[in-house]
Amino acid sequence: MTDDAFWQSLVDAASAPYRRADGHAHRFARAKLGNDRMFRHVLQHGLVPPGAAVLDLGCGQGLFASVLHAALEAAREGRWPAHWAPPPMGAHVTGVDPLAHDIARAQLAVPNGATFIHGDMRRIEPPPCDVALFFDTLHYISRAEQDAVLARVRAALRPGGTLLLRVGDASAPLRFAYGLWIDRFTMLLHGGGFGRLTGRTREGWCATLELLGFEVATLPMNGRKPFANLLIVARLPVTVRPQTSRVEAVTAS
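In the working numbering, the protein residues as written are 35 to 287.
Mixed in with the good hints, there may be bad ones.
If you anchor each label on the Cβ, the simulated ranges turn out as follows [to be verified]: (1) 189 x 238: 17 to 27 Å; (2) 58 x 193: 37 to 47 Å; (3) 177 x 118: 34 to 44 Å; (4) 156 x 251: 46 to 56 Å; (5) 178 x 147: 32 to 42 Å; (6) 189 x 61: 33 to 43 Å; (7) 241 x 186: 33 to 43 Å; (8) 75 x 116: 14 to 24 Å.
In short, the hints are calculated from the structure, not lab data. Everything numeric in this text was worked out from a predicted model, so none of it was measured. Every residue gets a Cβ at the ideal spot worked out from N, C-alpha and C, and that includes glycine.
Let's have the full structure, built from the sequences with the hints guiding it.
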């Protein structure tokens, strides 16, 4: 089986359970998982290690948990590609989202192997975790709120933990603006109004994460549309130094 055929089998398996919710949830799952290579990249390259406690902040209808569940089923059946990174056996996802109807869809589609919480990332106390995900979510909150959430999640990550962010790169203004307009209409359709969104340049995201003690790598991570998206892989060293606040860091520089 080719890589593309294997991935399509995961998309089919991960999206099918959303039929239990409604037709829109199923169609959205198929389109998002099929067209957005981020999900495939995370699994293919082993960015979630076996046994990881995964915190998905802004999980929506639980797409990552669903495709992870499908991936683990494929691995148990002996269908995992030998040239991919090892499958994340034993990983568990805790998803958090402020939209009650999306949490309900997630609970219907992924009843086992995941926990879903109706809550706001700005207000919850993150549980200890090995991997934290912000997939297309941080730009919905203000810069000060972004900094506060990132600091709390950094404190919740265990030594050697990984923060995965898919964000827009504001240094590509036209493509970045296109993505923001799409997301504004998405907010409107979800009943969240037509609010302000907050982005940063690639350099700005990296500088913020480095001040929090992360080692940072980035790579382009777009879907099939002309967005200016990055996947940021930010890792804590296994031996973590005490966290320096941004105020202390700026004062010392």
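Going through the hints against the structure:
| no. | hint | result |
| --- | --- | --- |
| 1 | 189 x 238: 17 to 27 Å | 21 Å, holds |
| 2 | 58 x 193: 37 to 47 Å | 41 Å, holds |
| 3 | 177 x 118: 34 to 44 Å | 37 Å, holds |
| 4 | 156 x 251: 46 to 56 Å | 27 Å, violated |
| 5 | 178 x 147: 32 to 42 Å | 35 Å, holds |
| 6 | 189 x 61: 33 to 43 Å | 38 Å, holds |
| 7 | 241 x 186: 33 to 43 Å | 19 Å, violated |
| 8 | 75 x 116: 14 to 24 Å | 18 Å, holds |
Hints 4, 7, counting from the list given before, are not met by this structure.
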